[in-house]
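Keeping their order, the protein sequence lines are chains A and B.
Residue numbering for the first sequence follows the working numbering, beginning at 1 and increasing consecutively.
Residue numbering for the second sequence follows the working numbering, beginning at 1001 and increasing consecutively.
To be clear, the hints were calculated from the coordinates, so they are not data collected in a lab.
Errors might be hidden in some of the hints.
Straight-line alpha carbon distances no greater than 16 Å define the calculated EDC-like cross-link-like pairs of lysine to aspartate or glutamate that follow [claimed, not checked]: (1) B:K1148 x A:D340; (2) A:K395 x A:E276; (3) B:K1419 x B:D1400; (4) B:K1390 x B:E1332; (5) B:K1149 x A:E266; (6) B:K1334 x B:E1307; (7) B:K1422 x B:E1379; (8) B:K1149 x A:E341; (9) B:K1148 x A:D390; (10) A:K283 x A:E294; (11) B:K1182 x B:D1348; (12) A:K461 x A:D390.
With the Cβ distance kept under 8 Å, some of the chain A side facing chain B (calculated, not the full set) [stated by the list, open to error]: (13) C82; (14) K84; (15) N85; (16) V86; (17) D96; (18) Y234; (19) A316; (20) L360; (21) I361; (22) T363.
Backbone N, C-alpha and C fix where the C-beta goes; we use that ideal spot for every residue, glycine too.
Below, each chain spelled out in residue letters.
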Amino acid sequence: MSNLTDLTISESLAKLRKKEISPVELATAYIEKMSENNKYNAYITQTTEQALEQAKASEKRYTDGTNRPLEGIALGIKDLFCTKNVRTTACSHIIDNFVPQYESTVTQNLLNDGALFLGKLNLDEFAMGGSNETSYFGPVVNPWSRETKLVAGGSSGGSAAAVAAKMCAAATGTDTGGSIRQPSAFCGVTGIKPTYGRCSRYGIIAFASSLDQAGPICKDVTDCALMLNSMAGYDAKDSTSSKVTVPDFTSFIGQDIKGLKVGIPEEYRSDGLNAEVSAYWDKAAEILKAQGAEIVHINLPHTKYALPTYYVIAPAEASSNLARYDGVRYGNRVSGNGLDELYINTRTEGFGKEVKRRILIGTYVLSAGYYDAYYLKAQKVRRLIKNDFDEAFKKCDVILTPTSPIEPFAIGDKKMLENPINMYLNDVFTVSVNLAGLPAMSLPIGLSKNGLPLGMQLIGKSFDEATIFKAGYQLERGANFVRM
Amino acid sequence: MAEYIIETEKGKWEVICGLEIHCQIISKSKIFSGASTEFGDDVNENVSFVDAGMPGMLPTLNMECVHQAVKTGLGLNAVINKYSEFSRKNYFYADLPQGYQITQFVHPIVGEGAIDIDLADGTTKTIRIERMHIEQDAGKSIHDIDPKKSFIDLNRAGVGLMEIVTKPDFRAPEEAGAFLRKLRSILRYLETCDGNMDEGSMRCDVNVSVRPYGSDELRTRCEMKNVNSVKFVMQAIESEAKRHVEVYENGGEICQETRQFDPTTLSTKVMRKKEFAHDYRYFPEPDLPPLILSDDFIAKIKNELVELPDAKKVRFVKDLGLTPYDAMVICENKEVAQFFEKAAAGRDGKKVANWLMGDFFAMLNKKNLDIKNSPVSAENLGKLVDLISKDVISGKIAKDVFEIMAETGENPEDIVEKKGLKQVTDTSAIEAIIDLVISQNPDNVASYKAGKVNLMGWFVGQVMKQSQGKANPAMVNKLLKDKLG
């Protein structure tokens, strides 16, 4: 039973139900992996004792037949989800001692379905970053690294690395501009950002409210369906959550894709796209075609405005969402002479460089005299980007693109750190999806010549994760990617 | 219209004033959380995770507050906007947990409206409403407990507010006072805000500017924040207008700024200059979708509306025979109007109004009682008026009966019965007394007959005294005239 952590959730559940393995054995195996792979810095808080207690309770449920859909499945939780009585930090110094007295809706849903939590996973500070290097707890190391330590991607770098290195069966992530999909691609795992409104944002520390959406990072497409089944659903505590019925996503796994129209956006091809990435993109299209899908060329003409639009709207909302971290009611406080000094000292010491940069950008674009030129204009362009997708989906059922234009890079890469624009450019394929509120999945397609995973992205219509699961499963079968 | 002109040696000036009134919404829970709105609970007792701005917490709109806002909008004869939006107003303060206030900016729930105010000279004036929006209140900072520390009470944080903004239609302090009283009256009728300025459930910001009399320019205005009584609002307008006139007449300029009115010195002082004004960085609240109201929702609230003071006033004048002034006084307060209607049912409204506004109000004042706790019930006040109308007691005796009612709360009929205060209307009984008075005062009878007719009053007095006030005065007059010839 040495390879328990190789099992996917669906495989584990089958064995658990047949009582071939027990939840305690399974959890113990993951806990061993956690200590073995501690070097990746994926977990910043471990709750293994609590997890074993939960595993024992799960064992009882399997015995008496009251087991729930994810009974005894050991998960890692991105440290952006508030977990009752378990420290929740957003990987920021400003709240690195914060213990919520409430549970986020998504994690509560998972608990209600029998999952257990091994701990809290590293991320870019307040989910702001694409390499996990802005975390107050240090960068996550990509488990695919050889001599050079590579980034795991971000912001859900801890989640992707933990799944890749088998330190949990699956993990929760959040995605504001690609934070589930890009680290999934970098770490050779599968992640889906569902349609905006599918998962409740209640209890998830907000970065940019109109873009943030929770989703799972898993070993494969089927596990993503299982996880999303539990995570999704309307929640009265989040006014932006949707009442659209949540189907059983696993029911789309294995369905054929004959006649499915797969769109390839012309605009994503330009700008000297990496040849390897480009070749895998063609390969992915071929795989789908071989399964009976039809490839159609589509246009997303406003794509070139997606990055600047995103980097106006997201910081604007963030600058306001992060105002509450003021040292007055919770978190770290650095006193000063009077209230203004308390704010200045607390926030100067509490926030990292990237967070400060985005607060400054956000404050600027919302300021009197600049609002119309930046924020308002960005909202108009956002509408145009959404319209692009609406038009494109008249011609196709799902859109296929690479997840990231590049493979994982070295931790501390000067080009990325010295000019944040270079870092922001990595989000070029993912941000427009958030701006349009659409669902999208990243799944591994193969390895680069450097032996590093590359990911493909499938973008669906609003609330049509079903088609993504159908196409994703067929692509996964065709790609035959070998997990770590 | 109340003409209010500031006249100096150098010229005549007119005052321009507009008001912004924050009204706390009456609702069981806060506008964006489930926490209680109870006033007077222990410090930080009614604070949810949302109110405290905890990480990951989201606002959810309390539809009870929306209901109250629509009701208020209808009471202000205003347009109800079926589409409205929430915005964030960003600023840092220790009693603002989220670092922003959720309010409405570009698209308020209520648009333009108007209410009529009654002025002392008997005229009315229409004051136009610019808009009304809903938002959350901040908490309270307490600075006087410790020399170095401030304390924060978040019980009020997140309580629903309605902000009513008027057009700059006020030309005199009196008009602003009349408006606030009228607004308070409407809000209390609607039960959407209790309107207690001293408790802070209704707070007023006053904008004032002046211009040379007869001109139509608009000069720089100053805003006075949180003026907390009707009287202070009127005083603030007066003192600020005079300050403007003085500055202009001395060749100075008024700067746009926020000022504070000090009721002890009756003057204003600067709080914040324009260059230090906050940049609130308003933007649409991404945590709340736009608020869309259906015609049904609005129609249903319209159907629930109670009769408001203006309509009631018209009805009291038309159906119950009150003078417009009496009707206005009685209708200002819903409880008074209800009390009056009960007392006046099936009776002469004018007579009941006279009693209500005379002896009855005087009694409440003297006893420092609210009408709800009056010892004299509406029914009993009505019965007292009946006793007078039916000549059972005289007006004078009625005053004595009322005093007993005020002490004991008894039914006036029982008092009259018990104390034997019924008026004597039996001709023979009155004649007997008259005969006695005549026989005892032959000198005065002789004088009267010799032409000193004004002695009649003295005779009446004697007869009334002999009857212990119970003789019917009209009958006494008539019978005396007959006897004395």
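Worksheet entry | 16 Å Cα cutoff - pair K1390 (chain B), E1332 (chain B) | 31 Å, violated
Practice prompt. Verify the proposed pairing of K1182 (chain B) with D1348 (chain B), using a straight-line Cα cut of 16 Å.
Written response: Not satisfied, since the Cα-Cα distance of roughly 27 Å exceeds 16 Å.
Discussion item. Let's test the interface hint: is any C-beta of chain B closer than 8 Å to that of K84 (chain A)?
Written reply: Since chain B brings no Cβ nearer than about 11 Å to K84 (chain A), farther than 8 Å, the hint is violated.
Worksheet item: Given the hint that K1148 (chain B) pairs with D390 (chain A), does the C-alpha gap stay at or below 16 Å?
Response: Since the Cα atoms of K1148 (chain B) and D390 (chain A) sit roughly 59 Å apart, the hinted pair is violated (cutoff 16 Å).
Discussion item. Hint check: K1149 (chain B) vs E266 (chain A), CA-CA at most 16 Å. Holds or violated?
Written reply: 62 Å, violated
Worksheet entry | Agreement of K1149 (chain B) and E341 (chain A) with the hint, judged by alpha carbon distance not exceeding 16 Å | The hint holds at about 14 Å.
Discussion item. Can you verify the interface hint for D96 (chain A): is its Cβ closer than 8 Å to any Cβ in chain B?
Written reply: Violated. Min distance 12 Å.
Fill in: Pair hint outcome, K461 (chain A) versus D390 (chain A) [Cα-Cα no greater than 16 Å]
8 Å, holds
Practice prompt. Classify the hint on N85 (chain A) as holds or violated, based on whether any CB of chain B lies nearer than 8 Å to its CB.
Written response: 14 Å, violated
Worksheet entry | Status of the hint placing V86 (chain A) at chain B (closest C-beta pair under 8 Å) | 13 Å, violated
Item to complete: Mind checking the CB of I361 (chain A) against every CB in chain B and telling me if the closest is under 8 Å?
Response: 12 Å, violated
Worksheet entry | Agreement of K1148 (chain B) and D340 (chain A) with the hint, judged by alpha carbon distance not exceeding 16 Å | 14 Å, holds
The structure does not agree with the numbered hints 2, 4, 5, 7, 9, 11, 14, 15, 16, 17, 18, 20, 21 stated previously, though it agrees with the rest.
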